[in-house]
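S.K.: If you want the building blocks of each chain, they are given just below.
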Amino acid sequence: MEIVVAVKQVPEISEVKINRETGTLIREGVASILNPFCEYALDHAVRLKAANPEIRITALSMGPPQARAALLRALELGADRAILVCDRKFAGADTWATALTLSEAIHQFVPGYKLILVGKQAIDGDTAQVGPELAEMLSLPQISYGIEAELTAGLKRIRVKREIESGYQIMEARLPALVSFSKGEVIRRAPSFKEILGARAKQIKVADASELGLAEKEVGLSGSHTHVVKIFPPSQKVHGRMLTGLEAGEAGREICLFLKDRGIPTDSDMRYRT
Amino acid sequence: MLLIDPQKCNACKLCEHNCPFEAIKIVDDQPEVDDSCTLCGSCINVCTRGALSIKRRIVSARELAQYRGVMVIAECELRDGVLQPKKVVYELLSKGRQLADKLREELVAVAMGDERMASLDTLCHHGADRVLRCIHPLLGEFSTDGFCTVLSTVITRLKPSIVLYGATPNGRELAPRVAARLRLGLTADCTGLDIDEQGQLVQTRPAFGGNIMASIIAPNSRPQTATVRPNVFTADYLDPDRPVQVQKQPVHLSKAAIRTRVVSEIRFPCEEIAKIEAARIIVSAGRGCCKEKDLKKAGLLAEKLGGAMACSRPLVEEGLMPHTCQVGQSGNTVCPDIYIAAGISGAVQHAVGMNSSKTIIAINEDPEAPIFRIADLGIVGDAGQILSALLDALHTPSPASDSGQSEAGRGVGIAD
Amino acid sequence: MHEITSSLPPACDFNEVRRVEGFDRIREQYPDFLSDESKLTMGPFDLLFFPANESELSAVVKEMVRRNIPITVAGARTGLVGGCVPPEGALVSLAQMSKVLAVYHAPYAREWRIRAEAAVRLADIDKMAESKRFPDLEKSQDPFVIEQLRLYGGEQQRYFYPPDPTEMSASIGGSVATNASGARTFRFGPTRDWVRGIRVMTMTGEVLDIPRGKYFSSPSGWFTVYDGKGSCYPVRIPDYQMPRTKNTAGFYASPHMDLVDLFIGSEGSFGIITSVDIALLAWQPKCSIILFTESDERALHLVETLRSDKRLKLDFLEFYSSSAMDLLRDMQAGDPRHVGMPAIPESAGAAVFFDVGFDPLEEKPDFRALEESTASAGVYLADSWAGYEPRELARFKAFRHLLPEKITQVLSERKKTYPGLHRLSSDLAVPDEHLFDMWRLYRTQLDQAGFEWVAFGHVGNNHLHVSTMPRNMEELERGLRLYAQFAQKAAAYGGAVSAEHGVGKIKSKFLAKMYSADEINQMHAVKTALDPDMLLNPGNIFAA
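Protein chains in written order, with my numbering: chain X, 1 to 274; chain A, 1 to 416; chain W, 1 to 544.
For the record, the hints were derived by calculation from the structure and aren't laboratory data.
Listed next, the in silico SDA-like pairs over lysine to any residue satisfying Cα-Cα at most 20 Å (straight line):
id	chain 1	residue 1	chain 2	residue 2
1	X	Lys-260	A	Ala-302
2	A	Lys-293	X	Gly-249
3	W	Lys-286	X	Glu-195
4	W	Lys-127	X	Val-30
5	X	Lys-161	A	Phe-268
6	X	Lys-260	A	Ser-388
7	X	Lys-230	A	Thr-204
8	W	Lys-99	A	Pro-367
9	X	Lys-161	A	Glu-141
10	X	Lys-194	W	Lys-364
11	X	Lys-156	A	Arg-49
12	X	Lys-183	W	Arg-337
Ranges between beta-carbon positions, derived for each pair:
id	chain 1	residue 1	chain 2	residue 2	range
13	X	Ile-187	W	Asn-472	32 to 38 Å
14	A	Glu-365	W	Arg-337	17 to 23 Å
15	X	Val-206	W	Pro-345	33 to 39 Å
From a predicted model like this one, the values you see are computed outputs, not experimental measurements.
All residues carry an ideal CB built from backbone N, CA and C; glycine is no exception.
Same shape as in the complex, but just chain X:
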């Protein structure tokens, strides 16, 4: 049984800084990682495989040549093979063009797939759109925000525990289907050094646009419906005051004055109302 885990390489977001003058991202020295939500999807694929050894896991990514690093991580963590769709023509793809490219790659290289697993969103773009768009393009039912998954007897259906607003839901769909995950292993897994070396012994298939049979106008920026017209830094609080080296008592009084200046009644027996 074939499972495809679609993954993305992302910058380790907590380290991203902004050049205030130019308004651009300082990517220098920022490590790239496998998007944590994609890693969760992979965690679940590996768990399903542990219960059903006939499963074969393919990690699929669209990205620049460096995205190979994210696929290596996927192989270390238990993917059986990896495919990188990589072409300069893919640059500037919005979620639509990305989903289209991925769906073609899946048709082409994993035609017998039964299950597509994705992370609920990537931590750089945060759109959470590629999963549902991919599901629609492949005409698959989708289950989103999964936290647990199991295949029912005969591998005909998947049953997913998913997060909903203010609770959980158990949802079921017939295969083939697409599931997005918002949680995986609580603690990030650590492969063995043997698995790290083993991942490097595996081939990563690299395919370009022509191999996918996609025309230039269907992919990348020209295949995108949305265009970014402006990038700018979020409005900064220009007059933010920062106080250092205050005694706790002084600091407390500062905050109290600050609240008062903003019209917050601070007497102990009064309540703030609007």
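Could you slot chains A and W onto chain X? The hints should help.
M.R.: Showing chains A and W alone in chain X's frame:
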């Protein structure tokens, strides 16, 4: 156009039964499509053989101009046994009203649900010119397939130029599904919307966890669709005298179109969430304020200021606070008048949930903590100690408090 | 050259130096200054100075000497032996001397160096070296400093400061004064190996500028220090042999030694280090590996195999004993997030940690040597955790440092019942051939005594921290006697009684286990030659 692969088709008639427009008929064991097909795509999903596909062509500027009006998806939730619009819907209507006025086009709200649906007159009071009620027993509970099918039909029929969804979990699941089906541009989680000189929707959204803003347009497809972050726009439009026009929309939906099944459900009481979302003052505790006594102080302070207490993710993970109190990417989005971040470093995942707060006060031991970049008042120090001191200070009004002295330098650095 | 002359910094008014007077005020405003990480506290002291530069420091030193008031010097107060805890007199905090002065390329040595004042923290040095951003230098008016900064910023290669003494909030001055070492000492040596020069203030209030490689002891073992007034201070280097292990007990001494080495690791006995020049090394990408073994003995066997394989270049070789693994399993059972790593495999009896050079994008990495070496010790790379991304390197490092925290936690719980209880911790290193001997001694003695104990640390240097967690006061008493025996035995094996923590005030009594009375007298002679009135850092090394 709709393409049919006769090799794959087994004439099961599922497409015929599921077409909302009765555009497909099985004739001589082969589907035939007539002119009433809108390419809504409902048939493709129900086909078990993969025999159907759609080939679309690029639309011309003239065709784009046929799309008119702003549509707001009125997501409903069950309250007191009645399906009622969520808070974000009113925010969307206020914003949608502005956009529609700018375009001089109509504002339509679309609500999907079953017979428990409220009357929805309020949607008109909040700015909608008309409301479409899509009522069907299969819409009582959210399903991506069901809602996508119904909504795609409505959009195809109505041809609005803009469609707005709340960026709720369901909204963010539904919108891309519809966008992919109808080949539309979609912008996620917008925090700003405007109309440019060409009458295009300019959608602004944060990326890289709020480190950068991007303005996005969709020049070649209509409608332009976006999900909009809750609690960003204010629901300030209200006119109880506006004419009410609620229309019942015919819904064609079969069970086969819904390919997922809810087996069971556990719901937590959601008072906490409602409290945090409504609070004007929030005291939020993070890793640097996680000792039991510190949390007590934060709670006490919230109570004293008449606000609510919240927290960042580590405290939920440590089991110190319930998930319902969590602010940030995987928790609630809030925008109170005052947000006091005690011992929160302000990693982007947290910041996205609170950085639209009107005023932010940050207390943290690390002067480099990113929270200080978005704080109006930043204090470097131990959160627990400073909260105690603040509680004391609230007890004893300072004599200097009314002289406006707080703006004076007092030998401290002023950050940029 | 064995003769050196000190010079007087520009004069300044003693009364201008920032200070706190009176013990009550010090205790109220600066309670942290009463102790260091040893938690030792001593008698009251009435003066606390915060000199901002060498001139102010000089004014303080001269005034204290004039008034015959002893001076204790404090850096970041992270020491474990009470070195900066004043018994009386004045405490001089160097906290205000915390500027980076330069980053520069030394053309002959072909290396990048940083010159920094004593109180700059190691964590900041690490951060600046890596990010190539030096806020202190960007404002500089000195064209040389600006030019060198620009050149360093233009380097593609990443650099780092190799000594990694775990406690990164330590000050660079303190780490040089104590010759700090840590895990990476296994490959890169202790702090001493990376110091390229120091400036040090003697009790005359004058400064010696000592680059490495300029001043060496005379053939008969002498240095002569002149001050600006022409007074002469002859110093004779002790003639004892240093142990063949890493060592922080006693003054460094060797024939034809560099004067800079006399000050490094002397724990402030002869002077106050005001600034240092340290060398940086090109950073190579690496992979952290935690290798599990079935037993402690198998782990030690693996250590011997790995370090004798000359094909391997491991940054460090560290160890968690089987009892340590059990303690961590307990933690994981409580809340796995406190450990931050996946569940420790049930089969894991002990663990050995090391880093290997590793380029993640290399097509066919060749680790046959490592595979062969570990397999020959009966250990397999499949039984491991490994990670190479920056976040993984940080996570693995945190795991290596987790155990001491856990021990502290266990003991603070027990202290509630027995307030006088404390952990027993060894800091003994022995030569390679005695690794197993020392291990057997620990194991039989501690097991026989029925103690709860764990071993961890720098096994590559035969330098294990063996920590016992006494359950009551009786166990503590028996444990103290046992630990004294351990020190005796380590010294008999030709090892060091304080391999990295130093002597300070807490371990001065151990010195006699390693050195004869005559040798200690020779050390004393060096001390009195440079500090005749014994006013500097009283109580350190030589018990008062």
